[in-house]
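Enquirer: Residue numbers (this note's numbering), protein chains in the order written: chain H, 1 to 175; chain Y, 1 to 407.
Treat the hints with care, since some could be wrong.
[Unchecked claim] Mimicking DSS-like on lysine-lysine, the simulated pairs with C-alpha atoms at most 25 Å apart in a straight line are:
| hint | chain 1 | residue 1 | chain 2 | residue 2 |
| --- | --- | --- | --- | --- |
| 1 | Y | K295 | H | K174 |
| 2 | Y | K295 | H | K135 |
| 3 | H | K59 | Y | K295 |
| 4 | H | K69 | H | K59 |
| 5 | Y | K295 | H | K63 |
| 6 | Y | K372 | H | K135 |
| 7 | H | K72 | H | K115 |
| 8 | H | K165 | H | K85 |
| 9 | H | K48 | H | K85 |
[Unchecked claim] Restraint-style ranges between C-beta atoms, simulated for each label pair:
| hint | chain 1 | residue 1 | chain 2 | residue 2 | range |
| --- | --- | --- | --- | --- | --- |
| 10 | Y | P254 | H | L34 | 53 to 61 Å |
| 11 | Y | I327 | H | L34 | 29 to 37 Å |
| 12 | H | T134 | Y | H354 | 43 to 51 Å |
| 13 | Y | T334 | H | E162 | 49 to 57 Å |
| 14 | H | A136 | Y | Y78 | 40 to 48 Å |
| 15 | Y | I388 | H | A11 | 53 to 61 Å |
| 16 | H | T152 | Y | T334 | 54 to 62 Å |
| 17 | H | S2 | Y | I107 | 52 to 60 Å |
[Said to hold, decoys possible] Partial list, derived from the structure: chain Y residues whose beta carbon lies under 7 Å from chain H:
| hint | residue |
| --- | --- |
| 18 | V158 |
| 19 | E175 |
| 20 | V182 |
| 21 | T298 |
| 22 | T318 |
| 23 | P375 |
If you are wondering where the hints come from, they were derived from the structure by calculation, not from laboratory data.
Computed from a predicted structure; not experimentally measured.
The beta carbon of each residue, even a glycine, is placed where N, CA and C say it ideally should be.
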Amino acid sequence: MSSRRDFMGMALGGFTALGGIGALMAMKKTWDPLPSVKAAGFTTIDLKDAQENVLVTEKWRGKPIFVLKQSKEMVEKAKKSDELKRLINIGDEYYMVAVGLCTHLGCIPGYDSSKQGFLCACHGGQYDGTAMVTKAPPPRGLDIPPFKIDGTKLVLGEEGPEYKKMLADGTTMKV
Amino acid sequence: MAHFEKAKSLNEWLDQRIGINTLKKVMQSEYWIPKNINFLWAMGMVLAATFGILLVSGIFLLMYYNPSTDLAFDSVNYTIMTEVGYGWLWRHIHGVGASLVFLIIYIHMFTGIYYGSYKKGRELIWISGMLLFVLFSAEAFSGYMLPWGQMSYWAGMVITNLFSGGSLHADGLVEWIRGDYVPAQAFLSRFFMLHVLLMPLAIIGAIVFHFGTLRLPHVNNQDGKEIDFEESARLWKEGTTESRRKSEVIPFSPVFLSKDVFVMGVYFILFFYLVFYHFEFAMDPVNFDPANGLKTPTHIYPEWYFLWSYEILRPFPTDPGLVAFAIAQVIFFTLPFLDMSPNVAPANKRGAFHIWFWLMLIDMLVLTFMGKLPPEGIWSTIGLVAAITFFVLWISLPIITKLEKKL
Ligand code: HEM
Ligand code: FES
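Build the full structure now, drawing on both the sequences and the hints.
Expert: Here you go:
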């Protein structure tokens, strides 16, 4: 510190920088999703009325949720390709439940029940009946939302043991 | 207190207080423009004028636009289009202007590339120009969100998802940008703010900067000739017919500006022809359906001016695609440094660079057309080849310009 003038310059600069950092933090927080947005997050869906190979679209956190009850034939196919772990098992039935947004850039893939698969029109990605990816660019199958099984109902947003297992073995990732 | 004489004219009164005569000299009567240029050098002022028109039409749209997810669509498609007197006019001017501004920006850029107007002292002109390109892109994108139609929503979804960085899974960043899990009210409000305030402010600042970077190097000319501006200015100021004929320059205002205004006149005939008779090219039919988060349109594509970079994203798997896209967004910034040739000359005198120029232009046109076509079969293949060609061209640029003979 060579002079009083230097000291004053540095003190001023220091406080200004501090204020600047504070302002940046406030700005970052202002852009954050509101607590009310974060808190609204639980939806219950009933799987009782689902029909085999007919896609039902529900809504959770503003995102489409695909529900596809699997036919016997589809379950066999899933067993062969080792994708049974992607399905939710309730009683004797298997259901594919996934966030209906393409894992590439988030378009909604369309379901073709005759081919038992999904096609994303945006960049040509494809998925099979368990929503596993079969053609790039999507890097992985559709993500499975956090769920808890409650009889024939699913509570989306809550993490039940079946979901935790899927997370742990890498079947899906957190959404 | 400084000493002031009583002024004899308004001009003198202003000159005493804000030095208006000096200002006029620096920015107009003694800002020298070479004679040896063509109409392509008017594109800069055409851009400035188009920006002015966008600003004015935008102000009138703002009077009835309602930035709420429930009301936005109707406030545009119903209130402004059918109720507000001449509301349709502002909307069509704004839409056509947003589209044409990119056409002119691309012409302006490729003019600069052709004549080598980005090197030897003109690097900052190029960089500030690219900054304007990026800001205009952000302005156009944020504006596209506002009618809250199907294309607004899904373009917003897809483009903000780019920020998750593929396998980086920065979903938190995406949600931060949106202020929600999906584009919703928070998203519309903040993009409204960006479109009507922050981006226009930044653009105005960048235009001032762009003009500032032009003042000392001056604009280039058709031969890339290094002009002795002092000598030419002296000849012009001498004022005789003979000396002015010998001078290689003219003053920006009023002499050069009057030529600019002529080109602008021709341009605005085209502009208003489109506004009145062919505005539909600037209005995507899909965006006349209100936003619906549970239904994606069959094909999502951006406006034509983003198609080339979109097509660079599309043919690759997610991660390489994102990297390619990110590089394509910024690669033009590096042009002054990747062109290693010492020559400032039009491309037709520069051998291999001449071929490079046309290949780059054609490649970007091919990418643009492929970006609009569905990603299937032969179109996918052509798109992939064009995307790879884009990068091969950029990698070859330093090599061919290094080998270029000094003129
Ligand atoms: C709306 C945005 C823009 C405005 C208002 C603008 C305005 C201008 C003006 C008035 C000139 C001088 C006259 C002329 O040579 O045309 C100019 C020159 C120039 N601009 Fe821009 N410009 C814009 C965007 C860009 C962009 C995107 C680039 C490219 C990255 C760019 C690069 C250049 C270059 C290299 C010159 C010098 C031309 C020469 O020396 O011959 N500008 N600009
Ligand atoms: S968003 Fe589905 S393939 Fe790109």
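Enquirer: Indicate, hint by hint, whether the structure satisfies it.
Expert: For each hint, the structure was consulted:
no.: 1; hint: K295(Y) - K174(H); in the structure: 23 Å, holds
no.: 2; hint: K295(Y) - K135(H); in the structure: 21 Å, holds
no.: 3; hint: K59(H) - K295(Y); in the structure: 12 Å, holds
no.: 4; hint: K69(H) - K59(H); in the structure: 17 Å, holds
no.: 5; hint: K295(Y) - K63(H); in the structure: 10 Å, holds
no.: 6; hint: K372(Y) - K135(H); in the structure: 21 Å, holds
no.: 7; hint: K72(H) - K115(H); in the structure: 15 Å, holds
no.: 8; hint: K165(H) - K85(H); in the structure: 10 Å, holds
no.: 9; hint: K48(H) - K85(H); in the structure: 21 Å, holds
no.: 10; hint: P254(Y) - L34(H): 53 to 61 Å; in the structure: 55 Å, holds
no.: 11; hint: I327(Y) - L34(H): 29 to 37 Å; in the structure: 35 Å, holds
no.: 12; hint: T134(H) - H354(Y): 43 to 51 Å; in the structure: 46 Å, holds
no.: 13; hint: T334(Y) - E162(H): 49 to 57 Å; in the structure: 51 Å, holds
no.: 14; hint: A136(H) - Y78(Y): 40 to 48 Å; in the structure: 42 Å, holds
no.: 15; hint: I388(Y) - A11(H): 53 to 61 Å; in the structure: 56 Å, holds
no.: 16; hint: T152(H) - T334(Y): 54 to 62 Å; in the structure: 59 Å, holds
no.: 17; hint: S2(H) - I107(Y): 52 to 60 Å; in the structure: 56 Å, holds
no.: 18; hint: V158; in the structure: 4 Å, holds
no.: 19; hint: E175; in the structure: 6 Å, holds
no.: 20; hint: V182; in the structure: 4 Å, holds
no.: 21; hint: T298; in the structure: 5 Å, holds
no.: 22; hint: T318; in the structure: 5 Å, holds
no.: 23; hint: P375; in the structure: 5 Å, holds
When the structure is compared with the earlier hints, no violation turns up for any of them.
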